[in-house]
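Q: For reference, the chains in residue letters:
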Amino acid sequence: MRAVFSLLYKELSYHRVYPLDLISLAISPFFIVAPFVFVAKAQNENLQLAVALGLIVWYWLSMFFWGVGYGVRDEIEEGIIESLLATPASIRNLLAAKAIDTLLINLYITAALMILLWLLAGIPFHLDWAKFLLLFIVSNFALASLSFVYAAFVLVARQASFAGNLFQEAVGILSGMTAPVSILPKAVRWLSMLIPLTYAIEGARKVAVGQFPYREMAILFVFGVVLLLLGVFFVQKAEGYLRLTGTTGEY
Amino acid sequence: MIECEGLTKTYNVREKPSFFSRGKERRITALRGVSFSISPGEIVGILGPNGAGKTTLLKILSTLLLPDSGRALVEGVDVAQSPGLVRRKIGLVLPSERSLYWKLTAQENLELFGGLYNLPSRKVRERRGVLLELVGLSDFAHVQVEKFSTGMRKRLMIARAMLHEPRLLILDEPTSGLDVQGKREVWTLLRNLATQQQVTLLLATHDMEEAEIVPSRLLIIHQGKICADGSPADIKALSSYKGWIVVDLPSTFSEHDIELPDGMLLHSIESIDGRSRVYISTAAPQTDMPRLFRLFPNATRVERQDISLADSFLAITGDRFENDDAQEEDV
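The listed protein sequences derive, respectively, from chains L and G. Offset between the first sequence (1-based) and the numbering used here: plus 202. Offset between the second sequence (1-based) and the numbering used here: plus 12.
Source of the hints: derived by calculation from the structure; they are not laboratory data. The C-beta atom is built at its ideal place from N, Cα and C for all residues, glycine as well. Be a bit skeptical, because a hint or two may be false.
[To be verified] Derived, one-sided and incomplete: chain L residues facing chain G with beta-carbon distance under 7 Å:
(1) 212
(2) 281
(3) 445
(4) 448
(5) 449
[Unchecked claim] The following label-pair restraints were derived from C-beta to C-beta distances:
(6) L:309 <-> G:18: 16 to 26 Å
(7) L:388 <-> G:156: 49 to 59 Å
(8) L:279 <-> G:28: 47 to 57 Å
[Stated by the list, open to error] Straight-line C-alpha distance at most 16 Å; calculated EDC-like pairs for lysine to aspartate or glutamate:
(9) G:115 <-> L:276
(10) G:237 <-> G:17
(11) G:115 <-> L:441
(12) G:115 <-> L:371
Based on the sequences and whatever the hints tell you, model everything.
A: So, in structure tokens, the structure goes:
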């Protein structure tokens, strides 16, 4: 755990070095989310809240993909990955630190986005905050685990941003980010059931209508555990592949 | 301290693909059955031309790379079987100065790596003070690494590698990119580490001065094989030619104009302002000097020069470009 906290401290220190990035993280999601929210507002207020929550939750996935999955490339591009691998700590420690950092960033983005949507788009987030926070933690656990699997792919493929983009966009549609899963073609609806983001979005919308999303949180937890085991397995395999091929320092 | 037996490593390298083909794959042999051992406290230099296999060997020893076959042990622990244990025993200094977090300060870099070695916070605080003092960076503890000169970064990398008090320090070209002063600072630092803290040093270099000054023992690696092993003086003695004789002549000569007696080899002729400087390598410079005085009665200078490590190294390794081709095969 000491290795994870040391790496987390490094991640947090980098935010201190780039304060403008923190400001950008608070503001720029609004400009991505706002067009969809205003279109929904033109329809009705309930849809507006559902779309806003869908997009906020999708943003969590996006941050994990870039911050954890693709984030491992930061160390590769900086040229420090070999120095890290020469210590007893592993890439899993690095990913865990990046996951905790991303969770904190997601909390920050969510708060900033909700405030901006309330002030600029007039969306009242009357949520049970305790339930929402619980859902946030379980959802972030599942999405972080998914990003571990993507990180293993990035370690081996190195140029994997195309796959990350494609996956996030497809998952966004399939998980009911802006429109409910029920209106998707039957042929692809089963795919939605295999995506943790579907349950995170559904859970957020349940919290918005005053329900406790037990079922969604249980499913997300199971997803989190299974994906974490898979992610750790694949990252271990990827580390072995890097040691075999000697491509650790290449990008 | 280190035992290597029959280490081999090949890489598959694919040529850049075209639109219609995937590109031909080549197998490059980096190491061919490398065996050697290093005792505790030794300072060993691995000397070889680019592409000789130095970095591959160091990466295997530092657990970053798996050998295809053979075995490497660090203090009796197999690097392939127990990489985690080996990592606690070694400190690694990589050639790239980018192997530090540039946005963090020197102190933050050391604290981070102390955490990665799972050292208690108190121990890290102690060690960082001692090490920053040792590498002469105490006054720069709170300065971001990006503000450092190359020499300062290299010294910080050595401090970082020593954080967990390893008994073996592996250094890959520790002075690459440094000016003469910077190199000398690092050499002094390394010698002090070896003598004062009994750290075993294994450093790869292709800097002849470094290879002559720092290590007490050299392994010459070429085409993935160890082709010479001994002290710098032993390596020099391996060359069949024991020295140079430089002859300055008052007019220009070509190679065809000069016929040398047996035991001497015409190395090269430089023409400067209508005069010639002839370089002759010889197995017995002491006895050949009078013969050359007789052969060139007009010579304005006949002077003996000792063979350098570089001369001997080139004699041992030959033409590396010719030999590099021999290491590749199509797959």
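Q: Decide, hint by hint, whether the structure agrees.
A: Status of each hint after checking the structure:
1. A distance limit of 7 Å between C-beta atoms decides the matter here; for residue 212 of chain L the minimum to chain G is near 5 Å, and the interface restraint holds.
2. Because the beta carbon of residue 281 of chain L sits about 3 Å from the nearest beta carbon in chain G, less than 7 Å, this interface hint is met.
3. Because the smallest distance between the Cβ of residue 445 of chain L and any Cβ of chain G comes to about 5 Å, under 7 Å, the interface hint for this residue holds.
4. Given the 7 Å rule on beta carbons, the hint for residue 448 of chain L holds: about 5 Å separates it from the nearest Cβ of chain G.
5. Proximity of residue 449 of chain L to chain G is violated relative to the hint, the smallest CB-CB distance being about 9 Å (cut-off 7 Å).
6. In this structure the supplied range 16 to 26 Å is violated for residue 309 of chain L paired with residue 18 of chain G, their Cβ-Cβ distance being about 54 Å.
7. Remark: the range hint 49 to 59 Å for residue 388 of chain L to residue 156 of chain G is upheld by a beta-carbon distance near 57 Å.
8. Separation of residue 279 of chain L from residue 28 of chain G is about 21 Å and departs from the stated range, judged on CB atoms against 47 to 57 Å.
9. For a cut-off of 16 Å, the pair hint linking residue 115 of chain G to residue 276 of chain L stands: about 13 Å separates their Cα positions.
10. Straight-line distance between C-alpha atoms of residue 237 of chain G and residue 17 of chain G comes to about 12 Å, which keeps the hinted pair within the 16 Å bound.
11. At roughly 26 Å between alpha-carbon atoms, residue 115 of chain G and residue 441 of chain L are farther apart than 16 Å, so this suggested pair is violated.
12. Distance restraint check for residue 115 of chain G and residue 371 of chain L: the Cα-Cα separation of roughly 33 Å exceeds the 16 Å cut-off, and the hinted pair is therefore not satisfied.
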